[in-house]
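A.B. asks: Chains A and B supply the protein sequences, listed in that same order. Going by our numbering, the letters in the first sequence line up with residues 1144 to 1355, in that order. Going by our numbering, the letters in the second sequence line up with residues 14 to 729, in that order.
Do not rely on the hints blindly, as some may be mistaken.
Cross-link-like lysine-lysine pairs, in silico, BS3-like; alpha carbons within 27 Å at most [what the hints assert, rightly or not]:
| no. | chain 1 | residue 1 | chain 2 | residue 2 |
| --- | --- | --- | --- | --- |
| 1 | B | Lys-269 | A | Lys-1326 |
| 2 | B | Lys-478 | A | Lys-1349 |
| 3 | A | Lys-1326 | B | Lys-391 |
| 4 | A | Lys-1265 | A | Lys-1300 |
| 5 | A | Lys-1352 | B | Lys-62 |
| 6 | A | Lys-1313 | B | Lys-269 |
| 7 | B | Lys-299 | A | Lys-1326 |
| 8 | A | Lys-1215 | A | Lys-1301 |
| 9 | A | Lys-1265 | A | Lys-1323 |
To give an idea of the interface, some chain A residues facing chain B are shown, with a C-beta separation under 10 Å as derived from the structure [claimed, not checked]:
| no. | residue |
| --- | --- |
| 10 | Ala-1205 |
| 11 | Leu-1248 |
| 12 | Pro-1255 |
| 13 | Arg-1257 |
| 14 | Val-1296 |
| 15 | Ile-1329 |
| 16 | Leu-1350 |
| 17 | Ala-1351 |
No wet-lab data here; the hints were simulated from the structure. Fair warning: this is a prediction, and the values are worked out from it, not measured in the lab. Glycine included, C-beta positions come from ideal geometry on N, C-alpha and C.
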Amino acid sequence: MALTTWAGSRNHEGLLRKMRNSKTIMRVFGLTALLVILWTTALCAQKMVVPVKLQLAILLKALTYDRHLKEKADGEILVAICYHQEQKQSVEVKDELLEATKASLDSIENIPLRFTSVDMQKDDLAAVITRQGVDILYVTPLSSAVAESITAVSREKKTTTVTGVPDYIKSGVAVAIGIKGDKPQIIINLPAAKAEGADFSSELLKLAKVIQ
Amino acid sequence: MRPVHMLMCLLCAAGCLLFGTVEAQTGQGVYQSDDLDDLMGMELEDLLKISVFSAARHQQKLTDSPRSVSVITREEIRRRNYRTTPEALNELVGVLVQETNYGGGSPFIRGLVGNQILILIDGIRLNNAIFRLGPNQYLNTVDINQIERIEVVRGTGSVLYGSDALGGVINIVTKSEKAGEGRIDLQGRSFVRYASADQGTIGRVEFRGSGRPWGLIGGLSYKKFGDLRAGRGIGLQTYTGYDESDADFKLNLRLKEGHQVTAALQHVRQTDVPRTDRLASGVNLKYEWNPQARDLAYAQYEASDLGSLVNTVRLALSYQTQSGTVQTILTATPDVQDEYFDRVNTLGASFQLSSTLGKRQLLTYGVEYYGDRIASSKVNVDFATGTETQAEGTFADGSTYRSMGAFLQDEIQVYRPLSLVLGARYSRFRVRANLDDPNTGSLEIRSTPHAVTGSAYALCRLTDKVTATLGVAQGFRAPDIDDLTILGSFSSGFEVPNPDLTPEQSINYEFGLRVQHSRYSGSVYYFFTDIQDMIVRGAGEFNGLPFMDYNGNGIQDPGEEDVYQRRNLGRARIQGSEAEGRLRILPFLTAIANLAWIRGDDLAADTPLRRMPPLRGKLGLDWSTTKGMWIEVYSLFAAKQDRLAPGDVSDPRIPDGGTPGYLTLNLRGGIDIRPYGNFTLGCENVTNQAYRLHGSGIDGPGINLVIGYELPVEWL
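Work out the full structure: start from the sequences and follow the hints.
C.D. replies: Here it is as structure tokens:
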């Protein structure tokens, strides 16, 4: 009713007075806040829920359960961190990962381990995978569309994708770290993992939430 | 309840409410950084147990607990090839495992032992109403081969776990197989262990399997130990060997995502277990448990991720039977054998929930109930006449002991470097027993003690690597059947029950510093425990008189003994310090060390407290490669303990003048050769040193070659 009254008013000051008097301003604020919360919630769904170092440790441990990992690695595991130079959180996560790993993380299961980064804005992902021999793609917080473009390449190149953004499982990323209760949870998109050439043992599948 | 206790509980409860309000207002969180090297050193399953308090990158490792906690992992148990569960604790900082006999093993934590230490198996109390005050053998009724890990919390844990948790809590977590996701997996494992000092063999077969949506694990163990050969100058110790057989089974069923039911069975039976100190001293010709058994069955329902109000739910129902037959023949009466039979059936139920309040609080709360029913009898066998006579058992036959408790704990992240853990608990007990003695007639014991306890711990991250902890906590031990139903003559008089006994109460203060770095880690704790209302034997009354008035004339005549009762008269103070550290010298080489000092005083008697452990510790080097090969060289050492209580001086287990100090040198190593199995080889006490852990009835093994071989089998 109040909105109809405003629309019918041609007196600007009168309109403001009516708004104040009828508490409409509170309703507008409330509606705006609700929209902001919903929008923020939607954004958060695209974000990581587990600290970077913890998710990296879990992801690397989980990858050792891939029966094809040694064969694919061919002497060295190269992890490429996919990020977007224009997206602040993506760059922060990339930097944090590179900083954390440069100190001492140089092997896993006795296989040398190396990290590199790929800027999704300017680099050609397929070319980087082929040229450098990338085995694992780590997907930082990006947009779903970019995540889907990464998984399209990963399936073609048989490169396993991992991420700390649980929502990217829907975009076809093979392994994600989400949260269950107050603890981290491994989420595995089994068809995606198979399409990327990974063969995870049942030991890992038992520990994970598996999307068939 | 004392005013200070009441005040502390009120403060804890007020704290919970206050910080609940603050949380609701600010909604801010804390991020605690972690070291990637440390995380990479953990097993995947352990990484998945790290709490992540919110979706805003807040996390807390379980090791960030403000409590002083030590954990023995499954990998350590496998590598170190321990003979028994109690012996596995002996290398932990601040823990001394006293062995009255080779089939025993009672841990001292912060100077306390027996029913002042709480033992849990998968969260279910092993302690029951007949646990006695001194060292006992019950921890050795848990098969080391079925254990996944052992968590030892030093200091009181009464708020979460109730009675008996004065000195510490030992939580034994048994092996489990998670429900599978896809195809059926079936695996097996066989394990054998041989040790030269006792000519002992241990064998175990284990199977595990999983499919969708089930997982199961089970095993059978058999152990046969001969008499133990001690170090130089002592040699073979007779009356030490015994046999044991064990069986266990656990089934996990996933009802749906986040909902799981677990059913488990455990059985332990030991035979011909001699009590060495009584036999070696010549007091008894025979003193052995034959058999001693424990059976546990429990079912548990766990649910997680239930919604915004409740995060997790755990409902457990358990039934445990602990029984033992002790056969004794005194040297003075070689024709008479006393056969004591005691059995405790315990029904347990617990309901526990946890809820996160916003981003900064984790509430753990619940209720629990345990009901013990005791069967106790005695048979006197006269070999000369061939007659058997029934007599009163050690405890009141048919007595019951029920305990109920409700608890609340709130873990609060106050602001960036500071978190608090506040807790409160109310416990109530109901004891019913009927006693009969020709000197007193029938006595009906009715007692309903209760206790209110609180605790407050703070953890402050001083830097990324250094953490300080500060805590104050109340503990209690409610009087049990052993305290409430003693009736009869002893060397100094006649003891009658005291139904007005109240719980022993303690206040524990502790301060700790921890450092955690990828190359080194360590901790130092200082604690101070004040125990009040300790249950001790003191002058008492029966029918209003301080003596047994057998002829009813109201005057103490010759032969009419003084009356004694258990009373809350004792007071003690214990303080000590515990330090431990690890330093990675080279990528594959780590130095490890720990040291613990403790001092206890009986304030009522103005003497040292009984059985206080000496200064003791461990020093070692661990060399481990990533190719599954490892070697550990270590020394266990203790200073002489000559600060003795009067009870220690008269204890035949403690040598005249005190227990001498010692230093043993030990080696162990192993190699994992897939798929042929895992080999371990150890040489304990290389220098064949003669030594005794303070208060033990036996000496430690002399030079001891320990060989283990584990063969895994994958069927499907």
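A.B. asks: Next step is simple, just say for each hint if it's right about the structure.
C.D. replies: Hints and how they fare:
no.	hint	result
1	Lys-269(B) to Lys-1326(A)	holds (18 Å)
2	Lys-478(B) to Lys-1349(A)	violated (34 Å)
3	Lys-1326(A) to Lys-391(B)	violated (53 Å)
4	Lys-1265(A) to Lys-1300(A)	holds (19 Å)
5	Lys-1352(A) to Lys-62(B)	holds (15 Å)
6	Lys-1313(A) to Lys-269(B)	holds (21 Å)
7	Lys-299(B) to Lys-1326(A)	violated (55 Å)
8	Lys-1215(A) to Lys-1301(A)	holds (9 Å)
9	Lys-1265(A) to Lys-1323(A)	violated (36 Å)
10	Ala-1205	holds (7 Å)
11	Leu-1248	holds (6 Å)
12	Pro-1255	violated (12 Å)
13	Arg-1257	violated (15 Å)
14	Val-1296	violated (28 Å)
15	Ile-1329	holds (7 Å)
16	Leu-1350	holds (6 Å)
17	Ala-1351	holds (7 Å)
Hints 2, 3, 7, 9, 12, 13, 14 from the list above are not met by this structure, while the remaining hints are.
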